[in-house]
Amino acid sequence: MDKTFVLEKVSAGAAVLDRTLDYSYASVEYAGLVLYSYIKRGGQTALEPLVKITSPAWSTVGSMYDLTAQGVRSGIKKLSFRGKEITKIGQRLDLIDKILAELEVSALKETLANLEQRLAYIEQHGIVASKEGGLQLKGKKLSEDKIMFLRAIVKENINLLEDNK
Amino acid sequence: MKKVINIGIDLGTSRSVISADNGVRTFLGSIVGYPKDAVSLKLFGRDIIFGEEALRNRVSLNIFRPFENGMLKISQTMDEKSKEYQKAVETAKLLLGRLIELALDEEAGNRDDFIVRGVIGAPAMASRKNKKALLEIAKDLLDDVMIVSEPFAVAYGLKLLTSALIVDIGAGTVDLCRMHGTMPADEDQVTSTKAGDYVDQVFYELLKKKYPDATLTVNMVRMIKEENSTISKHGEAIFIELPVKGKPVKYDVTEDLKEACSCIVPDIANGIQHLVASFDPEFQKDLKDNVILAGGGSQIVGLKKVIEEYMQANLGYGKVYKVEEPLYAGANGALFLCKDMPDEYWQQIKVRAKKA
Numbered sequence: 094m095d096k097t098f099v100l101e102k103v104s105a106g107a108a109v110l111d112r113t114l115d116y117s118y119a120s121v122e123y124a125g126l127v128l129y130s131y132i133k134r135g136g137q138t139a140l141e142p143l144v145k146i147t148s149p150a151w152s153t154v155g156s157m158y159d160l161t162a163q164g165v166r167s168g169i170k171k172l173s174f175r176g177k178e179i180t181k182i183g184q185r186l187d188l189i190d191k192i193l194a195e196l197e198v199s200a201l202k203e204t205l206a207n208l209e210q211r212l213a214y215i216e217q218h219g220i221v222a223s224k225e226g227g228l229q230l231k232g233k234k235l236s237e238d239k240i241m242f243l244r245a246i247v248k249e250n251i252n253l254l255e256d257n258k
Numbered sequence: 078m079k080k081v082i083n084i085g086i087d088l089g090t091s092r093s094v095i096s097a098d099n100g101v102r103t104f105l106g107s108i109v110g111y112p113k114d115a116v117s118l119k120l121f122g123r124d125i126i127f128g129e130e131a132l133r134n135r136v137s138l139n140i141f142r143p144f145e146n147g148m149l150k151i152s153q154t155m156d157e158k159s160k161e162y163q164k165a166v167e168t169a170k171l172l173l174g175r176l177i178e179l180a181l182d183e184e185a186g187n188r189d190d191f192i193v194r195g196v197i198g199a200p201a202m203a204s205r206k207n208k209k210a211l212l213e214i215a216k217d218l219l220d221d222v223m224i225v226s227e228p229f230a231v232a233y234g235l236k237l238l239t240s241a242l243i244v245d246i247g248a249g250t251v252d253l254c255r256m257h258g259t260m261p262a263d264e265d266q267v268t269s270t271k272a273g274d275y276v277d278q279v280f281y282e283l284l285k286k287k288y289p290d291a292t293l294t295v296n297m298v299r300m301i302k303e304e305n306s307t308i309s310k311h312g313e314a315i316f317i318e319l320p321v322k323g324k325p326v327k328y329d330v331t332e333d334l335k336e337a338c339s340c341i342v343p344d345i346a347n348g349i350q351h352l353v354a355s356f357d358p359e360f361q362k363d364l365k366d367n368v369i370l371a372g373g374g375s376q377i378v379g380l381k382k383v384i385e386e387y388m389q390a391n392l393g394y395g396k397v398y399k400v401e402e403p404l405y406a407g408a409n410g411a412l413f414l415c416k417d418m419p420d421e422y423w424q425q426i427k428v429r430a431k432k433a
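Heads up: the sequence lines are chains A and B, in that order.
Going by the numbering used here, the residue at position 41 of the first sequence is 134; the numbering climbs one at a time, nothing skipped.
Going by the numbering used here, the residue at position 44 of the second sequence is 121; the numbering climbs one at a time, nothing skipped.
In short, the hints are calculated from the structure, not lab data.
One or more of the hints may lead you astray.
[Said to hold, decoys possible] As a list, the in silico BS3-like pairs of lysine-lysine whose alpha-carbon atoms are at most 27 Å apart:
id, chain 1, residue 1, chain 2, residue 2
1, B, Lys427, A, Lys248
2, A, Lys202, A, Lys191
3, B, Lys327, B, Lys286
4, B, Lys216, A, Lys248
5, A, Lys239, B, Lys216
6, B, Lys427, B, Lys209
7, A, Lys234, B, Lys427
8, A, Lys248, B, Lys150
9, B, Lys150, B, Lys113
10, B, Lys150, B, Lys160
11, B, Lys119, B, Lys164
12, A, Lys234, B, Lys80
13, A, Lys234, B, Lys416
14, B, Lys287, B, Lys324
15, A, Lys239, B, Lys80
16, A, Lys239, B, Lys113
[As the list claims (entries may be wrong)] If you anchor each label on the Cβ, the simulated ranges turn out as follows:
id, chain 1, residue 1, chain 2, residue 2, range
17, B, Val295, A, Arg244, 39 to 49 Å
18, A, Arg244, B, Arg188, 28 to 38 Å
19, A, Asn207, B, Asp220, 20 to 30 Å
20, B, Tyr398, A, Met241, 18 to 28 Å
21, B, Asp220, A, Ser199, 29 to 39 Å
22, B, Arg429, A, Ser199, 42 to 52 Å
23, B, Tyr394, A, Glu209, 53 to 63 Å
24, A, Gln210, B, Val428, 20 to 30 Å
25, B, Glu313, A, Ala213, 54 to 64 Å
The beta-carbon is built from N, C-alpha and C at its ideal position, and this holds for glycine as well.
Kindly generate the complete structure, drawing on both the sequences and the hints.
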């Protein structure tokens, strides 16, 4: 392979990498959590694919190393700078996450409280959830005889309460 | 929403029993003791002692029994401001409060976390004043309360609301009540005060007369009676040890105990006959088929047979049954009533109680 051709290609690759990183900042800024977490792991993680791309060139052309390293260093600097920016975005996202979570929890709590209140009201008025699913009347259904006895007891007690003698 | 705890209470002359739907079932001697002085107060570490503990330590306590003849110890003519009335009400309130505490012991949380509803059994022929006083006492301790005739509570618990004759033999009274599908009226009920306490007194006097050298108390003879009560002709001989000048001496009290226990039979037999004979003749047989013995006195060995023999001789026929849990039959029935009572009925009572 022609040395000049390779050098041109590599320097062009570094420039492309530089431009790509510029664009990727904007993408990262908007893309959110997935890319954020990827970059947050550090430059090492970001460099790994670059090393993989460039390592075949190192083995064949020694001088390519400087140019490649230059491009990579430039990339690292950008990444490091962008990393700080991204960390800030990340912190903001974390905050938003937290607020969202809190909102979600309080909304859930409110919904549960409403449900519980509603259930208590329904249960108080004689309907409970059955084991088999669905609703059923609370307790045993009393026979007419028993209802009559219970009414009589209530009447007797009311008479006692109202008796002022 | 607060948890509702239903309780049934049988406030008896000798024992007060409670059954709750949280599984607690217990009883307490109907006795309240107050330490006599600072020494006994220090000894007990409390200013009120209840039940058996009070009875065991009665020497160092001022003892009060709030119930007599199955009722609160107040008379129809007693002034509500008198010391005697106030004391009876105070001790009954303490006792009831203690029973409720026992029922709530198993529950986690404060008293305010629960709605405690109770039905209290009162003797069949308790006066209105007595029932009202009981309601007054209970309404400060329970969120909702009702009073019901004791034998009716027993019948309700046994699901015998028709064609049955309940004989509830307590310490203070024997309550007889016929059930015929409606709420028992006064003419459906008979009460006799010849009950457990009366047996104790007769037994005590017989022993005092027969063994004048022996020293004994009513409490001692009560314990002997509770362990050995019988009127059976075929039972074993009963020997007890009584101190004579400090030395225990063994006595045979078989016949004395039988005689004492038998003294409640005539009133029970006459009560049964009266309730059967005054009932609709077409349904008398149904009543005679279902005579139910409840209460501590139903444990007298041979009583069932003696009553059946009496009914055979005087009513031509009779079948007598004993309840399985005589001590708890009243409280269990009251608990069933409490649980069955619909919320709207409790609400009605609450509204009237607030107005009263």
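Hints and how they fare:
For the hint pairing B:Lys427 with A:Lys248, the CA-to-CA distance comes to about 13 Å; that is within 27 Å, so the pair holds. Taking the CA atoms of A:Lys202 and A:Lys191, the gap is about 16 Å. The hint holds against a cut of 27 Å. Annotation: proposed proximity of B:Lys327 to B:Lys286 holds, straight-line Cα distance about 16 Å (limit 27 Å). For the hint pairing B:Lys216 with A:Lys248, the CA-to-CA distance comes to about 17 Å; that is within 27 Å, so the pair holds.
Between A:Lys239 and B:Lys216 the CA atoms are separated by roughly 25 Å; this keeps the pair inside 27 Å, and the hint holds. Restraint check: the Cα-Cα separation between B:Lys427 and B:Lys209 comes to about 15 Å, which is no more than 27 Å; the hinted pair holds. Taken as a hint, the A:Lys234 and B:Lys427 pair is honoured in the structure, with Cα atoms around 23 Å apart against an allowance of 27 Å. For the suggested pair A:Lys248 and B:Lys150, the alpha carbons sit about 26 Å apart, so the restraint of at most 27 Å is met.
Taking the CA atoms of B:Lys150 and B:Lys113, the gap is about 22 Å. The hint holds against a cut of 27 Å. Proposed proximity of B:Lys150 and B:Lys160 is supported: the alpha carbons are some 12 Å apart, at most 27 Å. The suggested pairing of B:Lys119 with B:Lys164 holds, with an alpha-carbon distance near 23 Å, which does not exceed 27 Å. Distance check on the hinted pair: A:Lys234 and B:Lys80 sit about 21 Å apart at the alpha-carbon level, within 27 Å; holds.
Using a Cα cut-off of 27 Å, the hinted pair A:Lys234 and B:Lys416 holds, with the two alpha carbons roughly 12 Å apart. Of the supplied pair hints, the one linking B:Lys287 and B:Lys324 holds, its CA atoms being roughly 18 Å apart against a limit of 27 Å. Straight-line distance between C-alpha atoms of A:Lys239 and B:Lys80 comes to about 25 Å, which keeps the hinted pair within the 27 Å bound. Note on A:Lys239 and B:Lys113: the hinted pairing is violated, with a Cα-Cα distance of about 49 Å set against a maximum of 27 Å.
At about 44 Å, the CB distance of B:Val295 to A:Arg244 agrees with the hint of 39 to 49 Å. One distance hint, 28 to 38 Å for the beta-carbon pair A:Arg244 and B:Arg188, holds here, with the actual separation near 30 Å. For the pair A:Asn207 and B:Asp220, the beta carbons lie near 26 Å from each other, so the given range of 20 to 30 Å is met. Checked against the hint of 18 to 28 Å, the C-beta distance between B:Tyr398 and A:Met241 comes to roughly 25 Å, which is consistent with it.
Checking the proposed 29 to 39 Å range against B:Asp220 and A:Ser199 shows it holds: the Cβ atoms sit about 33 Å from each other. Separated by about 43 Å at the C-beta atoms, B:Arg429 and A:Ser199 satisfy the suggested range of 42 to 52 Å. Take B:Tyr394 and A:Glu209: their Cβ atoms lie about 59 Å apart, and the range 53 to 63 Å holds. Take A:Gln210 and B:Val428: their Cβ atoms lie about 24 Å apart, and the range 20 to 30 Å holds.
At about 59 Å, the beta-carbon gap between B:Glu313 and A:Ala213 stays in the expected band of 54 to 64 Å.
Hint 16 from the list above is the single one not met by this structure.
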